[in-house]
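Undergrad: Here's the letter readout for the chains.
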Amino acid sequence: MTAQLKPDTWTPICTTNDLVPDSGVAAKIDNQQIALFYLPDEHRVYALANKDPFSNANVIARGLTGDLQGKTVVASPLYKQHFSLEDGQCLEDDSVRLDTWPARIEGDHVYISIQ
Amino acid sequence: MTQRQQLVIIGNGMVGHHFAESFRQQAGADAWQVHIVGEEHHSAYDRVHLSEYFQGKGHAELALGTLDGYREAGIEAHLGVKADHIDRQAKTVTLSNGDTLAYDKLVLATGSYPFVPPIPGHEAERCFVYRTLDDLDAIRSAAAEGTTGVVIGGGLLGLEAANALKSLGLHTHVIEFAPRLMPVQLDDDAGQVLRAKIEELGVTVHTQTATQSIDTLDDGRLQLNFAEGDPLTTDVLVFSAGIRPQDALGRDCDLDMGERGGICVNNHCQTSDPDIYAIGEVALWDQKIFGLVAPGYRMAEAAAAHLDGGEAPFLGADMSTKLKLLGVDVGSIGDAHAASSGAISFRYNNEAKGVYKKIVTSADGKRLLGAILVGDNSVYDTLLQYHLNDIELPAEPDSLILPTSDATPALGVDALPDTATICSCLNVTKGDIVGAVDGGCCSVGDVKSETDASTGCGGCAAMLKDVVDATLEARGIEVDHSLCEHFSHTRQELYHLVLVEEIKTFDELIQHHGQGRGCDICKPAVASVLASVWNELVHDEPHVKLQDTNDTFLANMQKDGTYSIVPRIAGGEITPDKLLVIGQVAKDYNLYTKITGGQRIDLFGAQLHQLPDIWQTLIDAGFETGHAYGKSVRTVKSCVGSTWCRYGVQDSVGMAILLENRYKGLRAPHKLKFAVSGCTRECAEAQSKDIGVIATENGWNLYVCGNGGMKPRHADLFATDLDDVTLIKTIDRLLMFYIRTADRLQRTARWMENLEGGLDYLKDVILNDSLGINADLEAQMERVIDTYQCEWKATLEDEEKLKRFRTFVNSPEEDDNVVFVQERDQIRPATDDEKQNLIATA
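If you read the protein sequences in the order shown, they are chains S and F. Each step along the first sequence adds one to the number in the working numbering, with nothing skipped, and position 51 is 68. Each step along the second sequence adds one to the number in the working numbering, with nothing skipped, and position 657 is 648.
Be aware that one or more of the hints could be misleading.
[Said to hold, decoys possible] Facing chain S, according to a computed beta carbon distance under 7 Å, are these residues of chain F, among others: (1) D210; (2) G507; (3) D511; (4) F796; (5) V800.
[Unchecked claim] Simulated coverage check for chain S against chain F, where a stretch passes if three residues somewhere in it have a Cβ under 8 Å from a Cβ of chain F: (6) 100 to 108; (7) 113 to 126.
Simulated from the structure, these hints should not be mistaken for laboratory data. These numbers were taken from a predicted model, which means no experiment stands behind them. Cβ atoms here follow ideal geometry from the backbone N, Cα and C, with glycine treated the same way.
Produce the entire structure from the sequences given, and follow the hints as far as they go.
TA: Here it is as structure tokens:
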């Protein structure tokens, strides 16, 4: 079954055991595919749209993380554009931005919010 | 409205026309009324391809512009009239129809006229020159009833004219006063080869032949009488004995003239009267007349810019030429006659094939001063680049013209012409990239944003980097060889740090020698180095976050986010049972199947979560991973070899399987492709591979550093008649040396081209152990081979690793954005439109 997205609340999405350090996994809430990136040194999870706008394929979660020009980024595995984990902004194209959602780790669980 | 200034161009040939076009593009062009005067009735046409007129092209096809084009551009064309006189005081030009044109500025582009030697009888009715369409019409009608044609003059234009006569169906003779054809461009040997080739085509060549008189016979035909030998009877005679500048207008109005004709001009193509310019074959620059169209065009551009107050000075031009004369390649570069002091010549003369090649170098053998090519122009561009760019020649300059399969030194990107396409997806040329650098781009990233180069398939990334680096270096800008913003080291330096300091993880390396988190450039590069040195599994905990998606999931991501699967089929040998397994897997999982270029089978369209199940089936049936996803050894292609083939001299399949199993999984700076052929027929195409092995009666010949792909390179013969053990040792060393010293994503071909000393150096290191590292290289290869594990087998045994193979961590659903349609009885990804339709009709 798929978790339900509830407004204004933190929705549990997976456990920390599902995450891969310094890397991404994909999750699905309703019909939204979400890429989750876990950076252990910040003890933080970032949630971005999983659809790569340049290929229209759901692959963002399978990109490499890193930092570029002072921003923490993920590189699309298909055509290698970089997106800021913080706000989804594409570094190569100002007009492209991925949706992002607040996410947090509490205990063993990972939550995201639509706010 | 202010009165527009008057600009008069005399001459509507190629150069006059090009001037009009160039001037129109100047910023201030609108302030001028332009007139162009042409003596011919036709508007400007392509004189270089004049002989095509006889092959069916008309004026329309050869024309450079049209009268309508001139009208639209506001240019007043006066065609079929001659400019008779220039009055420099009144600033007017008088035309043959009585009109007078006033000018503020005047451009003389009157070109040249064919020189007709004053042989008695040269004015006979059937004597012609070869310059204009009218000339050609006259020749054609005179030839209509005839069988024989003669050209006097065996130079470049004379042979063009001969071609024209031949295409009219005439039996054609060429008469040359000098001892050889094309005396200006060729030497005796080259002239001899060209003569033989041309005679093969049915043209009779008479050299060292002086025509003393021309008689008109009673039937109208001509008889040529020579100083020696029998007279020759012909229907048509064409003079092509050189050109002279058509400079009478300049002489009449007292412009400064050259002693042997031509109107003197400065670097802006201004004559001694600053209001009068001269361009093309009528202009004498630095005591030289340029009888080619390209320098004429450059002069036109110089004059057009200067007239508008700008500056694009003409500073001379290279007179090298490459052309096909009567279908025969002829090339001449620079100092073809080795006239420079101390010049040395190298010659190759193949009488059987009719190929002659000569290069002329400086006394130290380092610079190319000139060259002559007949019968084969394939190296012309390379030689010209050496000459024009003053590139240092290889240690053995003659290797450039010798027809051996090994060691024809390829040029680096420096030598590519500006028109060379670097990125074929986005059609970006080397010139575009150089332009971007000159426009302020200082990095590959900048150039990518500016030109879009390498933003398509990305296959040109390495070459793009080479061009950018070379351009920056040429501009005196220090090139940053940093791998990326996190490491100020090259891949080679990082390799040494890892090896010497025994660094086992990325985190350790970046902590001590880098900064930040890393990125999609340095992470996979370091992962590859770590794998080459320590050979830990690429998806072991500390390394998994470094891998590209393909290495992470041990499969090749396709455009829709699905993966393709390539099991290893070593040497291309597979049992029927295994074939059945592959077929069954493809059926069970509805995968698209295709045979690859490397003699194996690729299965497309698997989603992430399907990969482990598919691989379990394959591994149970005895398959291993094929590493198609890795920068590593791919396949060893082979022919069937001596086991079955009646020509084979060694067991190529056996050797291919041995090599593939030995090097499988070896991580390298880029992919590695091998092939083994069982005889010299070379059915496995080993000479296009990184490592190519070809059987001989006595063992194996080893070829290295070949490359298919976007910039193919023929492999070099590295060692001959090796036994099995020596062959493998040699490959061990070579591969490990490549892994240690190559740049990121540099194939062996580019690696060797960039090694100082190239092939000879590489032979010295690997065959003669000149660096004393061979034992070390072999030991390291042995270690990598001993620690080989099938990555898929290891993954399937590890629950922790398997958990990554989930499409969603919180749902067993599939990705509903992956949609297939049927094509030729198999699946393929649906296009966006097809997906929309499927949703609409669902």
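Undergrad: Decide, hint by hint, whether the structure agrees.
TA: Here is how each hint holds up against the structure:
| no. | hint | result |
| --- | --- | --- |
| 1 | D210 | 76 Å, violated |
| 2 | G507 | 5 Å, holds |
| 3 | D511 | 4 Å, holds |
| 4 | F796 | 11 Å, violated |
| 5 | V800 | 4 Å, holds |
| 6 | 100 to 108 | violated (count 0) |
| 7 | 113 to 126 | violated (count 0) |
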